[in-house]
Structures are given as C-alpha cells and as structure tokens.
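Throw the hints in and build the complete structure from the sequences for me.
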Amino acid sequence: MRVLLVEDEESLAKALVRGLGAEGFAVDHVSDGAEGFWQAKEYPYDVVILDIMLPKMNGYDVARRLRDAGVWTPILMLTAKDGEYDEADALDLGADDYLTKPFHFVVLVARLRALLRRGAPERPAVLNVDDLELDPAAHTCRRGERDIPLTPREFALLEYLMRNHGRVVSKNQILTHVWAEDFRGDPNLVEVYVGYLRKKVDAPFGCKSIRTVRGAGYLLGRHDA
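Each residue of the sequence shown is one higher than the one before, starting from 552 at the first, in the working numbering.
Hints listed in this document are in silico derivations from the structure and should not be mistaken for laboratory results.
One thing to keep in mind: the hints can contain errors.
Below are the DSS-like pairs computed for lysine-lysine, each with C-alpha atoms no more than 27 Å apart in a straight line [claimed, not checked]:
# : residue 1 : residue 2
1 : Lys-652   : Lys-565
2 : Lys-592   : Lys-565
3 : Lys-592   : Lys-652
4 : Lys-759   : Lys-722
5 : Lys-592   : Lys-607
6 : Lys-722   : Lys-751
7 : Lys-607   : Lys-565
Ranges between beta-carbon positions, derived for each pair [what the hints assert, rightly or not]:
#  : residue 1 : residue 2 : range
8  : Gly-621   : Arg-697   : 37 to 47 Å
9  : Asp-612   : Gly-766   : 41 to 51 Å
10 : Asp-612   : Gly-757   : 51 to 61 Å
11 : Lys-652   : Arg-718   : 22 to 32 Å
12 : Pro-700   : Arg-618   : 21 to 31 Å
13 : His-655   : Lys-750   : 29 to 39 Å
14 : Asn-739   : Arg-618   : 36 to 46 Å
15 : Thr-651   : Arg-773   : 40 to 50 Å
16 : Tyr-594   : Ala-665   : 16 to 26 Å
17 : Gly-621   : Ala-573   : 26 to 36 Å
18 : Gly-717   : Ala-585   : 33 to 43 Å
19 : Arg-569   : Leu-667   : 31 to 41 Å
20 : Thr-651   : Lys-759   : 39 to 49 Å
21 : Val-719   : Ala-566   : 35 to 45 Å
In this text, a Cβ means the ideal position worked out from N, Cα and C, and glycines have one as well.
Rendered as structure tokens:
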C-alpha cells in the first residue's frame, strides 16, 4: 500500500524507504512538515509516517491541520521524544499511533499493518472476493481452504486489486499505489506481476478472477461472473 514518510533524518529515511519497499509498501518521502502536509492533503495515501521534530512545520501542526482539512488518513507519529505528554499531545491532535525512536523495524511494519486493519469501514480487517481471502494484518492469502504464499509485491498488488474489486484500475494507478508515484522503471512490470498472481491465485483453482480490460487496465471480480 502507499505510504507517505515525512522524516528529515536522511539516513533513517533511506533505510525506511528501502525496508518498507521490500515489504511491499510504495513509499513517497519528503523531509519537511510543510511539504508533508501538502502531499498528504493533495494525494491519496493509506498511511502517513510523521516525525514530530521537522523543519518548516512540526508534526503536531501537520497532524492538526490535516484533521482540520478533513483528511483522515491514518497517521503514525515517529519521534525521538518519549514523554507521556508528547504521546498524549500527538494522539489528541489526530495521530492514530505513536512510535519512539530508536525502534525495531518489524515493530514499525506491524504498527502500519495494524493501522490498515483498524481503519475506517472502507478498510475491512479481512478482504474477501468470492472465495479469495486476504488478511493485510496477518499478511496471509487463501482461496477456499488453501493457503497461497505471495511475495511482498504480489501481496501489495493483490491487496490493491481487492480493495478496488469490481472496478477497472489502470496500469498507472497500479504503479502509483503498489510501486511509487515517481516510479521510473518499465511499466510492463505490472503485466509481469499480474501474470505471477494469476499463476498463484487463479490457475491452480481453475479461476479467471483477474481480468485484462483491453486499453483500460485490470479488474478483479468474482471468478464465476
């Protein structure tokens, strides 16, 4: 899923972009609060990772202004501060969770998945299309009674298709949400990964739930439709 990272510590930001990318997240990174606020307000993100001590606009103000603007994207505050009042201030201003530096990367990933799981009604804990089931929090996929192992990128692609099931999504939309907005690689990579998914979630079950809509993109629907 698509993540906005607002962090001015360059070495940490690079490590997080690399690590989250390996986990299947598409990460956009900005290094100051003003740019972070603009990005989060103008573009759709699934989660915002927001440092508190930022140039131009601190994380508290970013969170408050986003909520005032009616932007309800889940926010995970990331900070070197560790006082209980700092945590209370962050949550009171609209953050959904709080993680103190230094932290373990696996904990950050678990918190991000928990935010996706516990979000608004349009983000159910478990996604279901026909007998295909995807659990973003547990990072599991199954069709009927059979578990289907997926790589992080395959999982992210299937999750995006399932969240948009019944709707055609273009190759550019997939690149933006599953890879990154500034992706500069070969766009045919989407076709390659759709092929991987079909071999895992459709072909072994005699299904054709992932369909190509010529000239438009891809659609995931009921396999018996």
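Would you say the C-beta atoms of Gly-621 and Ala-573 sit inside 26 to 36 Å of each other? Cβ of Gly-621 to Cβ of Ala-573: about 33 Å, so the range 26 to 36 Å holds.
Do the alpha carbons of Lys-652 and Lys-565 lie within 27 Å of each other, as the hint requires? 15 Å, holds
Is it true that Asn-739 and Arg-618 lie within 36 to 46 Å of each other by Cβ? 40 Å, holds
Against the range 40 to 50 Å, how does the distance between the Cβ atoms of Thr-651 and Arg-773 compare: consistent or not? 45 Å, holds
Is it true that the C-beta distance of Lys-652 to Arg-718 lies inside 22 to 32 Å, as the hint says? Given range 22 to 32 Å: violated, Cβ gap about 39 Å.
With a cut-off of 27 Å on the C-alpha distance, tell me whether Lys-592 and Lys-565 pass. Roughly 23 Å separates the two Cα atoms, so the pair holds.
Regarding Gly-717 and Ala-585, is the given constraint of 33 to 43 Å on their beta-carbon distance met? 38 Å, holds
Going straight from one Cα to the other, do Lys-592 and Lys-652 come out at no more than 27 Å? 26 Å, holds
Determine whether the Cβ-Cβ distance between His-655 and Lys-750 falls within the hinted range of 29 to 39 Å. Given about 34 Å between the Cβ atoms, the range holds.
Is the gap between the beta carbons of Gly-621 and Arg-697 within 37 to 47 Å? 42 Å, holds
Given a hint of 41 to 51 Å, does the C-beta separation of Asp-612 and Gly-766 actually sit inside it? Given about 45 Å between the Cβ atoms, the range holds.
Take the C-beta atom of Val-719 and the C-beta atom of Ala-566, compute their distance, and say whether it sits inside 35 to 45 Å. 36 Å, holds
In the structure shown, a violation is registered for the earlier hints numbered 11, 12, 19, in ascending order.
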